[in-house]
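The listed protein sequences derive, respectively, from chains A and B.
Count along the first sequence starting at 1, add 642, and that's the number in my numbering.
Count along the second sequence starting at 1, add 684, and that's the number in my numbering.
None of these hints come from the bench; they were simulated from the model.
Warning: the hint list may mix true and false statements.
Computed list of chain A residues with no C-beta within reach of chain B, every gap over 12 Å [said to hold, decoys possible]: (1) 651; (2) 677; (3) 707; (4) 745; (5) 858.
On the chain A side, residues computed to face chain B include the following (Cβ under 10 Å) [to be verified]: (6) 758; (7) 890; (8) 904.
These figures come from a predicted structure and were not determined experimentally.
Glycine included, every Cβ here is placed at the ideal spot set by N, Cα and C.
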Amino acid sequence: MRQRAPLVLAAVLAMLAGGLFWLSRPQPLPATAFAALAPGDPERGEAVFHATGCAGCHAAPGASGAARLVLSGGRAFATDFGTFRAPNISSDVAHGIGGWSLPELGNALLRGVAPDGRHYYPAFPYVAYARMALQDVADLHAFLSDLPADATPNEGHDLRFPFTFRRGIGLWKARYMDRGWAVAGDLPEPAARGRYLAEALAHCGECHTPRDRFGGLNHARWMAGAPNHSGDGRIPGITPAQLGWDAQDIVIYLSTGLTPDFDAAGGSMADVVDNLAGLAEAELEAIAAYLLILPDPRQD
Amino acid sequence: MFPRIAFAATLSLALGAGAVAAQDLADQVGARQGQFKLFALNLGTLAMMGTGRAEYDARAAQAAADNLVALSGLDQRALWPAGSDSGAIDGTRALPAIWDNPEDFAAKLVALNAAAVEMARVAGDGADAIGGQLRGLSGTCSACHQAYRAPQ
Numbered sequence: 643m644r645q646r647a648p649l650v651l652a653a654v655l656a657m658l659a660g661g662l663f664w665l666s667r668p669q670p671l672p673a674t675a676f677a678a679l680a681p682g683d684p685e686r687g688e689a690v691f692h693a694t695g696c697a698g699c700h701a702a703p704g705a706s707g708a709a710r711l712v713l714s715g716g717r718a719f720a721t722d723f724g725t726f727r728a729p730n731i732s733s734d735v736a737h738g739i740g741g742w743s744l745p746e747l748g749n750a751l752l753r754g755v756a757p758d759g760r761h762y763y764p765a766f767p768y769v770a771y772a773r774m775a776l777q778d779v780a781d782l783h784a785f786l787s788d789l790p791a792d793a794t795p796n797e798g799h800d801l802r803f804p805f806t807f808r809r810g811i812g813l814w815k816a817r818y819m820d821r822g823w824a825v826a827g828d829l830p831e832p833a834a835r836g837r838y839l840a841e842a843l844a845h846c847g848e849c850h851t852p853r854d855r856f857g858g859l860n861h862a863r864w865m866a867g868a869p870n871h872s873g874d875g876r877i878p879g880i881t882p883a884q885l886g887w888d889a890q891d892i893v894i895y896l897s898t899g900l901t902p903d904f905d906a907a908g909g910s911m912a913d914v915v916d917n918l919a920g921l922a923e924a925e926l927e928a929i930a931a932y933l934l935i936l937p938d939p940r941q942d
Numbered sequence: 685m686f687p688r689i690a691f692a693a694t695l696s697l698a699l700g701a702g703a704v705a706a707q708d709l710a711d712q713v714g715a716r717q718g719q720f721k722l723f724a725l726n727l728g729t730l731a732m733m734g735t736g737r738a739e740y741d742a743r744a745a746q747a748a749a750d751n752l753v754a755l756s757g758l759d760q761r762a763l764w765p766a767g768s769d770s771g772a773i774d775g776t777r778a779l780p781a782i783w784d785n786p787e788d789f790a791a792k793l794v795a796l797n798a799a800a801v802e803m804a805r806v807a808g809d810g811a812d813a814i815g816g817q818l819r820g821l822s823g824t825c826s827a828c829h830q831a832y833r834a835p836q
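Chain B extracted, bound-state conformation:
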């Protein structure tokens, strides 16, 4: 099983640690946004099948779900340097509240990882099984967006 408590702890330690020059932040911001694009792409594969918009393909579904498990388990410490919030720099919607509540932010990522593990468990069982887990998975995305992502 994934060492969730350790994961959360390392993330909360990483948040806010170390001042980084502003021009260096573009790499971290770009990397974390790329990570979310990978979430969306893999979630999209599952959502298309789970809502009947695409034909069910067991191998593609399993691969997408396994990717989500891997992505949501990535160590985040390099991606969230202090000063890279939406109040400090342009080009990010990451609210300062992330750095004020590192434990909760980490807990929400852990919840995403748990939902991805659950999706990976059923992804081979057909489109209905995926559909049944879709809201549980997308809800963990929304929970974090609600608290920690600025509106457009």
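Isolated chain A, as found in the complex:
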């Protein structure tokens, strides 16, 4: 019996490794998922583009106005895990994503899986986009295809070991990717629409919700404010108990960047306002309705 122990141990380790390997596998959507969709509508896709905030990360650093539609990438995000650099997602076929099919875009957004089958790092907020409606992806695909091509090559990330090991992201996804709503349950309109906009598209929680040491979002403190993970200072809590703004305050802020005491948004939020100012007022009112029902994080 004694002599068999190493064999048993080796078998257990092999099974464990196999299990982890299986658990960490990229999990793209089934090909049939896209079959029943209507053809992408670029006009509707523009609204999805503004709500998802693609330009916030993928426009060139410092771009403003029409230049924010040139998604050449290059913006750097210094984090505890290393520096991430937003890739080129312009319609350039060689350097951007101009050659991507709709399922390829869908798998990137909803599953964090690249066309070559590798995991994306969750600096790309697919944890939020996982909740997207596939028709919105189809419309976004149509809009992105119409945007300018740009031949800026991708610079790649500059990460610390062991975060250089992409397969491990699969385990992270198994632990942290939750395709349900952070604010669960049936909501009345317009709060339900606001939940979709805030949780699935605008990914507010990515900055406003604190993370644990492995970078997973702490749903118990949803939107309760967090250290700025790509710079100094704090990202404020935006639950009604913390913010104290009414619906109109929120709509005015999201459309103009002006707080109720007429300070103007700065930092990453200036980009968010640039994006959201392109939405219909009813959409901003929906986001406000959702934010106003967020639970008070101080009652834990």
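Put chain B on the given structure of chain A with help from the hints.
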């Protein structure tokens, strides 16, 4: 028309020029923060009307917009001495990047002045006209805050 290029040039020359003792910086920091409070107060008058939160008052709107034109045209050279950035002293959110990019910082102030001039042009035309210019004006504030103001 406002001599914008000259304005930008004098500002970039002023930035970083002349070492000032640390205890003297409180006056400059206080003055420039007061200037931004004046921006906010006058912008607030316009924002309240432009978003329907206050009744439109043509004279108050015009006065607020004219104040913004005047404020954004102030010569800045006395307000931004070297060593008065957020890395060097407490009590300011002015990032060192201002002193690294004086031309861009000046250009952003010039953009604010241009947006204020545009607001002053339409301020007498009613609440909708103000509302239509509000984002253009507040966007110039945000552009500078994004690049040059530290988060809270």
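Subject >> Numbered hints the structure breaks, given as an ascending list >> reply: The structure breaks hints 3 and 6; every other hint is satisfied.
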